[in-house]
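J.: Here are the chains, one letter per residue:
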Amino acid sequence: DAGVIQSPRHEVTEMGQEVTLRCKPISGHDYLFWYRQTMMRGLELLIYFNNNVPIDDSGMPEDRFSAKMPNASFSTLKIQPSEPRDSAVYFCASSFRTAYGYTFGSGTRLTVV
Amino acid sequence: DQQVKQNSPSLSVQEGRISILNCDYTNSMFDYFLWYKKYPAEGPTFLISISSIKDKNEDGRFTVFLNKSAKHLSLHIVPSQPGDSAVYFCAASVMNSGYSTLTFGKGTMLLVSP
Chain A
1 DAGVIQSPRH
11 EVTEMGQEVT
21 LRCKPISGHD
31 YLFWYRQTMM
41 RGLELLIYFN
51 NNVPIDDSGM
61 PEDRFSAKMP
71 NASFSTLKIQ
81 PSEPRDSAVY
91 FCASSFRTAY
101 GYTFGSGTRL
111 TVV
Chain B
114 DQQVKQNSPS
124 LSVQEGRISI
134 LNCDYTNSMF
144 DYFLWYKKYP
154 AEGPTFLISI
164 SSIKDKNEDG
174 RFTVFLNKSA
184 KHLSLHIVPS
194 QPGDSAVYFC
204 AASVMNSGYS
214 TLTFGKGTML
224 LVSP
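Top line first, the protein sequences correspond to chains A and B. When we follow the working numbering, the leftmost residue of the first sequence carries the number 1, and every step to the right adds one. When we follow the working numbering, the leftmost residue of the second sequence carries the number 114, and every step to the right adds one.
These are computed hints drawn from the structure, not numbers from a lab. Ideal placement from N, C-alpha and C gives every residue a C-beta, glycine not left out. Mixed in with the good hints there might be a few duds.
Claimed, not checked - Negatives, chain B to chain A, calculated, CB over 12 Å:
hint, residue
1, GLN119
2, LEU124
3, GLU155
4, GLU171
5, LYS181
6, PRO195
Unchecked claim - Some chain A residues close to chain B (C-beta under 8 Å, calculated; not the full set):
hint, residue
7, GLY42
8, TYR48
9, PHE91
10, PHE104
Claimed, not checked - Covered stretches of chain B, as calculated for chain A (at least 3 residues, CB under 8 Å):
hint, stretch
11, 157–168
12, 214–220
Work out the full structure, taking the sequences as your base and the hints as a guide.
T.: Here's what the structure looks like:
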């Protein structure tokens, strides 16, 4: 199994631009999570899906952030417009039923200048 | 408001000695606790966990201790090895309500020197 695959690994964009982060979860996993890592806040949950349905998006910081999961093998996290304070490492994780079965991707390092 | 707190941003230990990483939590509903390890440019990986019905869980060189009355847990690594140098995240969950997400601390960077 290739694990959770995220793309791109690095993204540098200018303030105001749209950014799309992509995630392919492990096949068979029914939960998908988007986390953001910053020095100030550590790992914080943005949103999670169960069977492609968004369950809790209370961690999404603003309306500028949106996430979709059109099918079981693909999810996107979009920031529009992006701001310098969005600079962080964004992780996608998936699991099968259990909270302790999380498998994380390698993350996308986003820099907004 | 951080429900899971790791108050030491970093820890330096010599090879062969014990590393002790600490974690405090505020939510008394948490009943399952985990430690994740993260190397640079990689995602966090699961290391060890403990249920609230236990006060200790051991796996090789890694032992997690849970003190429910103090809302405190710790990860002991004995003996520490240079390959243990990484960021360690403490995480907590409310498992008895069915599925629950993980709440993470900010992490502690461990450096084990030869």
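J.: So which of those numbered hints doesn't the model satisfy?
T.: As far as the earlier hints go, 1 and 3 are violated by this structure, in ascending order.
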